[in-house]
Amino acid sequence: MTLEKERKFIGIFAKCSEAELALQELRAANFPMHKVSVIARKAEEQSDIAGVKAKEDTGNISEEFTGGTLSDLVSCINQLAIPGMGQVMLAGAEATAIATTITGGAIGIPAGNLAGALLPLGIPQEQAQVYSDLVFQGYYLAIVTGIEIEIRFAQRIFNRHRIQYRGIYEPYLSPKSRYKHGVGVFCQRQDVETALTELKKAGFPMSQVSVITKGNYYPLELSEDLAKYYEHQLNLGNFLVFLNATDIYMAGARAILESNKIQNFRIYNQSVVHPIKSDRQVISNL
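Numbering (my numbering), first residue to last: 6 to 291.
If you are wondering where the hints come from, they were derived from the structure by calculation, not from laboratory data.
Remember, it's a predicted structure, so these values are computed and weren't measured experimentally.
Every residue, glycine too, gets a C-beta built ideally from N, C-alpha and C.
There could be a bad hint or two in this list.
Simulated restraints, written as ranges between beta carbons of each label pair [said to hold, decoys possible]:
#, residue 1, residue 2, range
1, G172, E229, 45 to 55 Å
2, E131, T202, 11 to 21 Å
3, F158, E229, 19 to 29 Å
Below, in silico cross-link-like pairs of lysine-lysine (PhoX-like), each with a Cα-Cα straight-line distance of 25 Å or less [said to hold, decoys possible]:
#, residue 1, residue 2
4, K233, K10
5, K266, K233
6, K266, K10
7, K266, K205
8, K205, K233
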């Protein structure tokens with residue numbers, strides 16, 4: 006069975022209150038909120054910034070974004086200083102991956118470039134620059150990832166709350182952004198559980214994560230030395246975490262895994278394991 010391809014619905018809200026109401030309605034309708042992200046600039050004050058007047062009544066997100074409104078609706082908030090733009094808030098899985106891209110962690114896009122980080126979402130360069138400029142002016146960029154029925158549902162709700170500059174995009178899949186595979190070693194069960202919990206909260210698709218133990222090990226399609234290394238780690242009672250994702254998601258996942266003490270995490274272009282016949286709800290089956 007072929008899975009329906011996910012696309013990106015992207016648009017701009019002029020006010021924090023409009024974005025908040027739209028997200029509240031989505032959540033009340035049981036929409037999967039891990040598929041929603043918001044990016045917005047934290048303006049320090051209402052004034053001209055670098056010759057561009059900050060838009061009035063945008064809600065300047067300092068408290069609204071981080072103090073219990075949008076932060077309750079979209080998880081995993083990051084704060085990032087972007088050259089020429091200042092402090093930017095990024096909430097949600099897609100925004101987290103974009104944050105990693107901006108800091109130079111994925112797909113070779115120059116660090117500090119929001120417009121460039123939007124390009125892998127399928128947004129044309131001119132439109133990506135428009136979105137970046139609007140974020141600079143204090144608007145709220147919303148991103149929804151979903152299949153056709155999810156996109157249509159979110160679009161109807163967002164339209165009721167005055168979303169602007171909206172568009173639907175196909176993620177760009179160049180040879181550099183196709184699915185890759187990552188493998189690393191955890192020595193402590195607690196570290197595995199913490200890392201996977203953080204991946205789940207960040208919206209990483211857990212169906213694309215496996216935990217390999219000695220009891221469900223299949224030989225890795227790698228060089229003999231690496232295969233022996235991973236097998237040795239399992240014989241010591243350690244855990245292998247295997248995941249597959251596009252570059253932008255892999256970069257975000259890598260940051261989470263490495264912050265939780267994964268060792269020797271490596272990314273491969275080709276499949277490195279045979280299909281593993283195991284329950285993918287890895288957190289509950291460690």
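- Task: Just pull the numbers of the violated hints for me, sorted ascending.
- Result: 2, 3, 4, 6 and 8
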